[in-house]
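K.L.:
Chains A and B supply the protein sequences, listed in that same order. Numbering-wise (numbering that gives the first Met the number 0), the first sequence opens with residue 0 and increments by one. Numbering-wise (numbering that gives the first Met the number 0), the second sequence opens with residue 0 and increments by one.
Think of the hints as simulated: they come from the structure by calculation, not from any bench. Keep in mind that the hints are not guaranteed to be accurate.
What the hints assert, rightly or not - Here are the simulated distance ranges between beta carbons:
{"no.": "1", "chain 1": "A", "residue 1": "Thr197", "chain 2": "B", "residue 2": "Pro38", "range": "23 to 33 angstroms"}
{"no.": "2", "chain 1": "A", "residue 1": "Ser87", "chain 2": "B", "residue 2": "Leu173", "range": "44 to 54 angstroms"}
{"no.": "3", "chain 1": "A", "residue 1": "Asn76", "chain 2": "B", "residue 2": "Lys74", "range": "25 to 35 angstroms"}
{"no.": "4", "chain 1": "B", "residue 1": "Lys236", "chain 2": "A", "residue 2": "Arg42", "range": "51 to 61 angstroms"}
{"no.": "5", "chain 1": "B", "residue 1": "Lys74", "chain 2": "A", "residue 2": "Glu6", "range": "19 to 29 angstroms"}
{"no.": "6", "chain 1": "B", "residue 1": "Lys48", "chain 2": "A", "residue 2": "Thr197", "range": "19 to 29 angstroms"}
{"no.": "7", "chain 1": "B", "residue 1": "Asp93", "chain 2": "A", "residue 2": "Gln180", "range": "21 to 31 angstroms"}
{"no.": "8", "chain 1": "B", "residue 1": "Ala129", "chain 2": "A", "residue 2": "Lys216", "range": "39 to 49 angstroms"}
{"no.": "9", "chain 1": "A", "residue 1": "Asp158", "chain 2": "B", "residue 2": "Gly9", "range": "47 to 57 angstroms"}
Claimed, not checked - Within a straight-line C-alpha distance of at most 30 angstroms, the following computed DSS-like cross-link-like pairs (lysine-lysine) qualify:
{"no.": "10", "chain 1": "B", "residue 1": "Lys136", "chain 2": "A", "residue 2": "Lys4"}
{"no.": "11", "chain 1": "B", "residue 1": "Lys216", "chain 2": "A", "residue 2": "Lys33"}
{"no.": "12", "chain 1": "A", "residue 1": "Lys54", "chain 2": "A", "residue 2": "Lys85"}
{"no.": "13", "chain 1": "B", "residue 1": "Lys54", "chain 2": "B", "residue 2": "Lys74"}
From the three backbone atoms N, C-alpha and C, an ideal C-beta is built for every residue, glycine too.
Protein chains: 2
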Amino acid sequence: MAMKKYEKNGTVSYCLGTTLVFELLNRKPEAATKIYISPKQNRDETYTKLVTLAKSHHLPVIENNEKIFKELSDKDNVMAIGEFNKFSDTLIKDNPHLVLVNPSNMGNLGTIIRCMAGFGVLDLAIIRPAADIFDPKVVRSSMGAIFSIRFHYFDTFGDYQKEYGNHHMYPFMLQAKFALQEAKIEKPYSIVLGNEATGLDRSFLDVGTPLIIPHSKLIDSLNLDNAAAIALYEFTK
Amino acid sequence: MAMKKYEKNGTVSYCLGTTLVFELLNRKPEAATKIYISPKQNRDETYTKLVTLAKSHHLPVIENNEKIFKELSDKDNVMAIGEFNKFSDTLIKDNPHLVLVNPSNMGNLGTIIRCMAGFGVLDLAIIRPAADIFDPKVVRSSMGAIFSIRFHYFDTFGDYQKEYGNHHMYPFMLQAKFALQEAKIEKPYSIVLGNEATGLDRSFLDVGTPLIIPHSKLIDSLNLDNAAAIALYEFTK
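Could you build the full structure based on these sequences and the hints that come with them?
P.N.:
In structure tokens, the structure reads:
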């Protein structure tokens, strides 16, 4: 993806592709600002549905801007783009949370958001420095699930803890004593996962109940999005 | 990654980066044919360890071929490349198997292999058409775990079934009646997963015990490597 037009410090972002535009309009219409439809898009049933839905939300539909498709995507098959205002939410206090400390890979972040939506854990805390959740790559790899969850960035884990002191914290780390499958899960909980390369630092051994997903010595660690998937599955099943 | 030099129909492939070269030499030295070390690599402890290990396996160590680094990688930080003969294995009959039917995404395939190694499921059947397991992208995303597992390609699922009729088959599909967490797992088992976009076709409803990983209506399906991670975790815990 080219993404020349997307600006990390700007106020808007974009979702690319018809499926994602429908997700935006159905899940988060209040954030949407504009819909672009490619001049190459056939005037078929999908087209009519998209235009009708956009108009029902009083959104401008722009059909003659071929340039923006080249600026935002290097794929030829993107037929619709949704522009939306960046948003942020307050996490719900009594809900389960996922906390990502310094996630750096945009693909992983999107996949994890999709998985959260799948398991009904809808509140995400992200501790900086971290990947930009509004980057169109994250939006795309979330398959639009970003429009179904709440998230909030915090400068430090301490800032998050201060606000959600009622939560039982479960940091996932290789140095933990207890295995995930033996964990007694108390609600409301926070599943806490570290950076792809470095994990959580040892200070998290003093936070809540550290857990490990046991694995063989053939690998150093599980991929972050796989660890998140397994944790979300086990905590919600 | 550039990968101009890698040929799908050739007899050799490459692993890029010092960590992967160590994995090759430690786990699968019999497949290794040659080690390249970048002229930019410092003559430090890692260098000495790598050269000593390669020589202990009687492998040529080539230190003046800067070109191959440009041909195989677009990253500047690759300091070592391992060349190895493509290999194939017979799966072990009484072991648990993972069966991937038409996997198409190379990153997913590598991540799944890493996860298999993590959970000690070391026998992988791949049903064609499928991604090329020897593509350096797969090798890299497996973090070298490809050298720790056995795998075999089959032209059809029927061919696999004929050979491993003793296995209890567990196809994962959205149309299944039983949830993963309720499954009675009989050994030896095969976890069967479909293509990223299309899943398994309905004919698999008649194969063994179809299972579903229940998820909310907010998403269409879980990402393939997340589904594989959850299945491997649950079957082996």
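K.L.:
Does each hint hold? Answer for all of them.
P.N.:
Going through the hints against the structure:
1. A/Thr197 / B/Pro38: 23 to 33 angstroms: Hint holds: Cβ distance 30 angstroms, inside 23 to 33 angstroms.
2. A/Ser87 / B/Leu173: 44 to 54 angstroms: 33 angstroms, violated
3. A/Asn76 / B/Lys74: 25 to 35 angstroms: Between A/Asn76 and B/Lys74, where Cβ atoms are some 28 angstroms apart, the hint holds.
4. B/Lys236 / A/Arg42: 51 to 61 angstroms: The hinted range 51 to 61 angstroms holds for B/Lys236 and A/Arg42, with Cβ atoms some 53 angstroms apart.
5. B/Lys74 / A/Glu6: 19 to 29 angstroms: At 26 angstroms between Cβs, range holds.
6. B/Lys48 / A/Thr197: 19 to 29 angstroms: Given a distance of about 23 angstroms, which is inside 19 to 29 angstroms, the answer is holds.
7. B/Asp93 / A/Gln180: 21 to 31 angstroms: Cβ of B/Asp93 to Cβ of A/Gln180: about 25 angstroms, so the range 21 to 31 angstroms holds.
8. B/Ala129 / A/Lys216: 39 to 49 angstroms: 29 angstroms, violated
9. A/Asp158 / B/Gly9: 47 to 57 angstroms: Taking Cβ atoms as reference, A/Asp158 and B/Gly9 lie about 53 angstroms apart, which means the hint holds.
10. B/Lys136 / A/Lys4: Judged against 30 angstroms, a Cα distance of about 28 angstroms means the pair holds.
11. B/Lys216 / A/Lys33: 26 angstroms, holds
12. A/Lys54 / A/Lys85: 21 angstroms, holds
13. B/Lys54 / B/Lys74: Holds. B/Lys54 to B/Lys74 sits at ~27 angstroms (cutoff 30 angstroms).
Checked against the numbered hints above, the structure breaks hints 2 and 8 and satisfies the rest.
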